[in-house]
Amino acid sequence: MLETRIPSGPIEQKWDKCRFEMKLVNPANRRKHSIIVVGAGLAGAAAAATLGQQGYQVHCFSYHDTPRRAHSIAAQGGINAAKNYRNDGDSVFRLFKDTVKGGDFRAREANVHRLAEISVNIIDQCVAQGVPFAREYGGLLDNRSFGGVQVERTFYARGQTGQQLLLGAYQALEEQIAAGRVTMHIRTELLDVVLINGIARGIVTRDLVTGQVDCHAADVVVLATGGYSNVFYLSTNAKASNCTAIWRAHRRGALFGNPCFTQIHPTCIPLSSEQQSKLTLMSESLRNDGRVWVPKKKGETRSARDIPESERDYYLENRYPNFGNLVPRDVASRNAKEVCDEGRGVGPRGQGVYLDFADAIHRLGLETVREKYGNLFDIYQRITGEDAYTIPMRIYPAPHYTMGGLWVDYHLMSTIPGLFVSGEANFSDHGANRLGASALMQGLADGYFIIPSTVPDYIASTKLDPVDTSHPEFKATEAEVKDRINNLLTIRGKRSPDSFHKELGKIVWDNCGMARSDAGLRKALARIPELRDEFWQNLRIVGTGEELNQGLEKANRVSDFLELSELMCMDALQRTESCGGHFRVESQTADGEAKRNDEDFAYTAAWEWKGSGNTPVLHKEPLTFEYVPLSQRSYK
Amino acid sequence: MNLKLRIWRQQSANASGSFVTYQVSDITPDMSFLEMLDVLNEDLINRQEPPVAFEHDCREGICGSCGFLVNGVAHGGQRGTTVCQLAMRFFEDGDTITLEPWRARAFPVIRDLIVNRSAFDRIIQSGGFITVPTGSAPDANAVLVPKEDADTAFDAAACIGCGACVAACPNAAAMLFTSAKVTHLNSLPQGEPQRDQRTLSMVATMRNELFGSCTNHGECEAVCPKQIPLEFIGKMNRDLIRAAWRRHREPLLMPSVVQQPFMEDSHEHSDKHADTQLPADAQK
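Here the protein sequences line up with chains A and B, keeping their order.
Following numbering that gives the first Met the number 0 from start to finish, the first sequence increments by one per residue and tops out at 635.
Following numbering that gives the first Met the number 0 from start to finish, the second sequence increments by one per residue and tops out at 283.
If you're looking for bench data, these hints aren't it; they were derived computationally from the structure.
Hints may be right or wrong, so weigh each one.
[To be verified] Result set (SDA-like, lysine to any residue): computed pairs, CA atoms no more than 25 Å apart in a straight line: (1) A:Lys553 - B:Pro132; (2) A:Lys501 - B:Pro132; (3) A:Lys553 - B:Glu48; (4) A:Lys16 - B:Gln47; (5) A:Lys505 - A:Asp597; (6) B:Lys146 - A:Val368; (7) A:Lys505 - B:Pro132; (8) A:Lys501 - B:Val23; (9) B:Lys146 - A:Leu365.
[Stated by the list, open to error] Rough simulated footprint, nothing fancy, chain A against chain B, three-plus residues with beta-carbon under 8 Å: (10) 45-51; (11) 92-103; (12) 148-161; (13) 166-173; (14) 183-194; (15) 200-214; (16) 233-245.
[What the hints assert, rightly or not] Taking CB as the label site, the calculated pair distances span: (17) B:Arg88 - A:Thr614: 55 to 61 Å; (18) A:Asp590 - B:Gly93: 54 to 60 Å; (19) A:Phe92 - B:Pro192: 44 to 50 Å.
Glycine is no exception: its CB is placed at the ideal position from the N, C-alpha and C atoms.
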């Protein structure tokens, strides 16, 4: 069932070999083939623009009013590339090794190596597009360091790297739209994938302004629809980020990889109000110069500046002398939770630790700190009303990124032929934990370089009968979609979509969040189906389906989170080891670190949908590590 | 806090709209403005009334989705702040707050506080890019970029495309937006080959999309959540003259001095978007 299609041969030759062996489509024939790309973030816009350049008929779909709004835009810190511009010992192999190790040996080696190779081309591409990366006075590119690595390989555009990279891809996409090679469908949401004879041949969408449900046929469908952290309700993701596209594809037969692997980002602004609708990230790059500490004493009430050095616990620097404040995200998050659980957390709710820039300001001067991190300090000031130049920031972990997603092979094709999945929507490359500045790298590697190679190979090597939307499968799927919308609208219960989402989020955060236990997961698995039943009996949507109806949009997405969350908990329950972002309290070392179990769990979990109410089936893709030997991760 | 909200309600592009007054209570100072609207909407759903439609996504001031006029000021008047980042601590118990969508012919209302800003994309389509097919880029350090130029490019590129500049301008001009994009790309050596064509084309599209002309009011800069400076408009005008000169055309009149012909020109379109005209009682 799980054919990975990893090329044979030495790891540094696999991608070249694969590219050479892939079939090509003659330039004159490309316009005869149509490709649907769903999502217009880094992975989607880059793929749509590049496939458009190649000459295919591309249809790109976004639920936003313009492709420039995708959540990739919010990434702050930077993008990695193995350029070794700093002459500090970086190389493709080192980036590869750091990523495999950072992912706690739960990623596929061949994919990760390819990612490291391509990283170099991404920076070239973006610079040529006019992405204004930070520069040295000599005119060369500047770099900085991120968590989990000991080289400076991160390229950045102040604290708005994601925005600038997305604008680069967006502009390339708009150029193709103007050239007529990409048709953009804005304010349009995917609601199902259409399979004909078992292969993906199109999608069913809803126009978010008129409510019209439409079918679109193509030779290939690419999903680039992002991650599902909003299952927690409170996360750093944009409010509209959701799992609907990948979940509906899962229900049609695409296996779901490692759903329980979610990343809790260590540096977010702590929760302040019960009505809070989302959490805001502070870039991890702040840990380059900020020092993390909490008071040594429990229940400390003095303000940070009144606590003398001798009574502060710089717990990351003390416990992890080699990496200090730059330990990987899972380690930093877990340690913050621990000190807060001990009662040493700071801030009004005790759910926070200090990120202190006093030393950096003393060492580098206020102006340098302002230059490097100014906009992040502004964001913090705006939200908390505090000036982090004079009082330390307060930070706490928050759901941020999902390493899980649809299972894909080396070509980024799901288990449904003709359905490709790229960027955060797939499970690939990051294993159980993602290193900082690697998400942008993967989105663009998939979008600019991998999808535009593997999709043409699929087109060239598959016999694709002409189909259009009059095919019975389109009609049947469209009818199912309409039924589902109708069901949601006719419940006419008493609870809003948000109230269900909040309640679900709390269940998932408490039981499948920063730490997972057998008992907690079982509790969640009992509660989620009850909540789902209530949802389908007591949901209230005001308005109709034939208009712009944001309540309907939300309800539709929440209905999928209610199913996905159950699979996350099942996956977490069966994986009785700790690895990366998945910390099982039953599996820790003597000194409280995550303890992996390679004997039993060196595999990717790939779940098969068996219908509503039926237990899904677990398939396993065994992982082997030839080039980065399995070892206990240690940052001490 | 308890607040009175006067909100523009308009069911669809073709429906006529009006202000409707609502009460919200139990608002805390640390809530954001949009969280306050979430509270209102939950309340409306409980009362089986249609919730207020407004656009938002990242809720951290970078995606550019959100934005409407708060008491007549785009994004609510806190410097460098989008409405999603606007905290309720800037309001007081008992305040009456007026909310209305961006008003401009080029931005027709879709529903309530949501407008159609696709005209911005069409400006980008006409030249807001550097043509570089994927895979053909030279090594990133092969072309040196002076730090000052990279910084200028970044300052301009920080634009989030929210449309506040258009909404704040008495002429509904898109000069700050367009000049930000032009300055971003024209400041970099990579953008140089297409510099003239880019400037000419983007300015022409801006006019065709029914945006007004610049008369140097500076309201755009005052409300811009990313604090894009007015000087970029000057830069764009210089680039426009340069482009026209180099192409041996009649020098174009700068968009910031031509007004009358354009304003008259656009009257014929005003019927189409009549419903988006500013109601008399909403004047600043």
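Taking the hints in turn, this is what the structure says about them:
1. A:Lys553 - B:Pro132: Not satisfied, since the Cα-Cα distance of roughly 37 Å exceeds 25 Å.
2. A:Lys501 - B:Pro132: Answer violated: A:Lys501 to B:Pro132 is near 44 Å, above 25 Å.
3. A:Lys553 - B:Glu48: Holds, because 17 Å separates the two Cα atoms, which is no more than 25 Å.
4. A:Lys16 - B:Gln47: 61 Å, violated
5. A:Lys505 - A:Asp597: 31 Å, violated
6. B:Lys146 - A:Val368: Since the Cα atoms of B:Lys146 and A:Val368 sit roughly 17 Å apart, the hinted pair holds (cutoff 25 Å).
7. A:Lys505 - B:Pro132: Violated. A:Lys505 to B:Pro132 sits at ~46 Å, over the 25 Å cutoff.
8. A:Lys501 - B:Val23: It holds: about 21 Å lies between the C-alpha atoms, which stays within 25 Å.
9. B:Lys146 - A:Leu365: With Cα atoms ~20 Å apart, B:Lys146 and A:Leu365 stay inside 25 Å; holds.
10. 45-51: This one holds; 5 residues, not fewer than the three required, reach chain A with a Cβ under 8 Å.
11. 92-103: violated (count 0)
12. 148-161: Answer holds; 8 residues pass the 8 Å Cβ test.
13. 166-173: violated (count 0)
14. 183-194: It holds: at least three residues are needed, and the segment 183-194 of chain B offers 5 whose Cβ sits within less than 8 Å of chain A.
15. 200-214: Violated, because only 0 residues of the segment 200-214 of chain B bring their Cβ atoms closer than 8 Å to Cβ atoms of chain A.
16. 233-245: violated (count 0)
17. B:Arg88 - A:Thr614: 55 to 61 Å: Violated, since B:Arg88 and A:Thr614 (Cβ atoms, about 50 Å apart) do not stay within the stated range.
18. A:Asp590 - B:Gly93: 54 to 60 Å: 56 Å, holds
19. A:Phe92 - B:Pro192: 44 to 50 Å: 37 Å, violated
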